[in-house]
Structure formats: C-alpha cells, structure tokens
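Undergrad: Protein chains in written order, with this note's numbering: chain A, 1 to 111; chain B, 112 to 224.
In case anyone wonders, no lab produced these hints; they're calculated from the structure. Please read these numbers as outputs of a predicted model, since none were measured by experiment. Be aware that one or more of the hints could be misleading.
Within a straight-line C-alpha distance of at most 30 Å, the following computed DSSO-like cross-link-like pairs (lysine-lysine) qualify [what the hints assert, rightly or not]:
{"no.": "1", "chain 1": "B", "residue 1": "Lys182", "chain 2": "B", "residue 2": "Lys168"}
{"no.": "2", "chain 1": "B", "residue 1": "Lys120", "chain 2": "B", "residue 2": "Lys181"}
{"no.": "3", "chain 1": "A", "residue 1": "Lys5", "chain 2": "B", "residue 2": "Lys120"}
{"no.": "4", "chain 1": "B", "residue 1": "Lys168", "chain 2": "A", "residue 2": "Lys5"}
{"no.": "5", "chain 1": "A", "residue 1": "Lys68", "chain 2": "B", "residue 2": "Lys181"}
{"no.": "6", "chain 1": "A", "residue 1": "Lys37", "chain 2": "B", "residue 2": "Lys120"}
{"no.": "7", "chain 1": "A", "residue 1": "Lys56", "chain 2": "B", "residue 2": "Lys181"}
{"no.": "8", "chain 1": "A", "residue 1": "Lys71", "chain 2": "B", "residue 2": "Lys181"}
{"no.": "9", "chain 1": "A", "residue 1": "Lys98", "chain 2": "B", "residue 2": "Lys168"}
{"no.": "10", "chain 1": "A", "residue 1": "Lys5", "chain 2": "B", "residue 2": "Lys194"}
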Amino acid sequence: DQQVKQNSPSLSVQEGRISILNCDYTNSMFDYFLWYKKYPAEGPTFLISISSIKDKNEDGRFTVFLNKSAKHLSLHIVPSQPGDSAVYFCAAREDGNKLVFGAGTILRVKS
Amino acid sequence: DGGITQSPKYLFRKEGQNVTLSCEQNLNHDAMYWYRQDPGQGLRLIYYSQIVNDFQKGDIAEGYSVSREKKESFPLTVTSAQKNPTAFYLCASSSPGGTGELFFGEGSRLTVL
Numbered sequence: 001d002q003q004v005k006q007n008s009p010s011l012s013v014q015e016g017r018i019s020i021l022n023c024d025y026t027n028s029m030f031d032y033f034l035w036y037k038k039y040p041a042e043g044p045t046f047l048i049s050i051s052s053i054k055d056k057n058e059d060g061r062f063t064v065f066l067n068k069s070a071k072h073l074s075l076h077i078v079p080s081q082p083g084d085s086a087v088y089f090c091a092a093r094e095d096g097n098k099l100v101f102g103a104g105t106i107l108r109v110k111s
Numbered sequence: 112d113g114g115i116t117q118s119p120k121y122l123f124r125k126e127g128q129n130v131t132l133s134c135e136q137n138l139n140h141d142a143m144y145w146y147r148q149d150p151g152q153g154l155r156l157i158y159y160s161q162i163v164n165d166f167q168k169g170d171i172a173e174g175y176s177v178s179r180e181k182k183e184s185f186p187l188t189v190t191s192a193q194k195n196p197t198a199f200y201l202c203a204s205s206s207p208g209g210t211g212e213l214f215f216g217e218g219s220r221l222t223v224l
C-alpha cells in the first residue's frame with residue numbers, strides 16, 4: 001500500500017504562472033516531508049523540506065504547504081520557468097532516516 | 112568536490128548473470144541507501160546501511176545483496192534471482208538527524224538482454 005501518493009502523473013503550466021504539485025500521505029508518524037526534482041538519467045536533487053510541526057516553508061520561488069489534518073502537502077513554484085520542467089518527487093521521512101517516495105509528477109513549463 | 116559517485120552509468124547484462132553496481136561517497140556520511148526507479152512507481156528502497164558492517168533490507172530486497180565494509184562504499188549486487196532487474200538504480204547517503212535529506216548519485220541504468 002502506497003504511503004505517499006502523487007495522484008497527478010503530469011502537469012503543464014505556462015511560463016510565468018504558478019505550478020502547484022500535490023502529495024497525499026497516510027502515515028501520521030512521518031516527521032519531515034521533502035520535495036526532490038529529477039531530470040532524466042540523473043539523480044534527484046533536493047528542493048525544499050518541511051517539518052511536520054510547521055505548515056509552510058518558503059525558499060525563493062518555492063513554497064511548501066502542509067495540511068496535517070488532511071494529510072496533504074503541496075509545492076508551489078512561482079513564477080514557473082522552462083528550466084523547472086522535470087519530474088518532482090514528494091518524499092516523507094520515517095524512522096531511521098528512510099525516505100518513502102511518491103510516484104512523481106512530470107512538470108512541463110511552456111514558454 | 113564532495114559527492115556520490117556511481118559506476119557504471121550504463122550496464123548491460125545477460126539473463127542469469129550477477130552484476131555489481133558501485134557507489135562511493137566522500138561526504139563522510141554514516142548512512143547509505145540503494146533505491147530503484149521504475150516508470151510510474153517512484154523510488155523504492157532496496158537496502159540501507161546506517162553504519163559500517165551493518166545493513167537492513169528495504170521494501171524490495173529480494174534478488175539483491177549489499178555489503179558495507181567501508182564507510183565510503185556501499186556496492187549493490189543484482190543477482191540472477193532478481194526477476195525484473197532492468198531499472199535505474201540510485202545510491203544515496205545522509206547524515207543522522209536533520210531533515211532527512213538524502214544526497215543522490217547520478218544513477219546507474221541496468222538493462223538485462
């Protein structure tokens with residue numbers, strides 16, 4: 001059973017507009033949530049994280065929102081740029097520093 | 112530069128052969144991990160190691176083996192018992208505590224012919 005779900009396989013956004021990527025989870029014991037960005041044939045790179053005791057974390061164009069009651073988090077990218085086109089993975093930390101990943105969302109930013 | 116080096120980047124194997132993927136890190140991290148990526152399934156944990164000479168099975172360990180004889184190295188062997196070995200393999204490392212951030216290598220693409 002998937003503990004971390006990204007229900008949108010892909011998202012297409014116009015350059016300059018907002019991109020919103022969503023993630024749902026089932027395990028209330030996760031203590032940190034992370035977003036990774038991945039280009040084809042490369043390793044994922046860390047984008048931003050949020051503690052389970054926070055509801056928002058911001059870093060430049062990237063903001064992550066956490067709604068614990070709904071077990072939902074989202075990544076907002078504003079403004080979106082063509083270089084943001086990649087696969088975005090949501091991940092959640094469980095015991096022992098292990099990360100559980102979602103299936104990923106392909107973001108395409110059109111210029 | 113500090114980082115994680117995986118080799119080879121591309122590897123072809125005939126059915127029935129074992130193959131070993133290399134992972135070396137110079138970040139002085141205690142923990143190392145192997146994940147597998149398949150289309151539409153995200154990253155799934157194969158094995159992880161929190162300290163030298165110790166490792167644990169992840170969610171999909173069957174058909175794989177690892178060793179952790181040195182802090183810097185965590186090789187993964189894909190054995191002939193692995194039924195669907197064709198995939199993109201990712202090695203990662205982390206330091207204890209913090210936010211749980213993993214640092215990933217560039218990956219190794221294994222294709223079984």
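Undergrad: For which of the previously enumerated hints does the structure constitute a violation, in increasing order of number?
TA: The structure breaks hints 5, 7 and 8; every other hint is satisfied.
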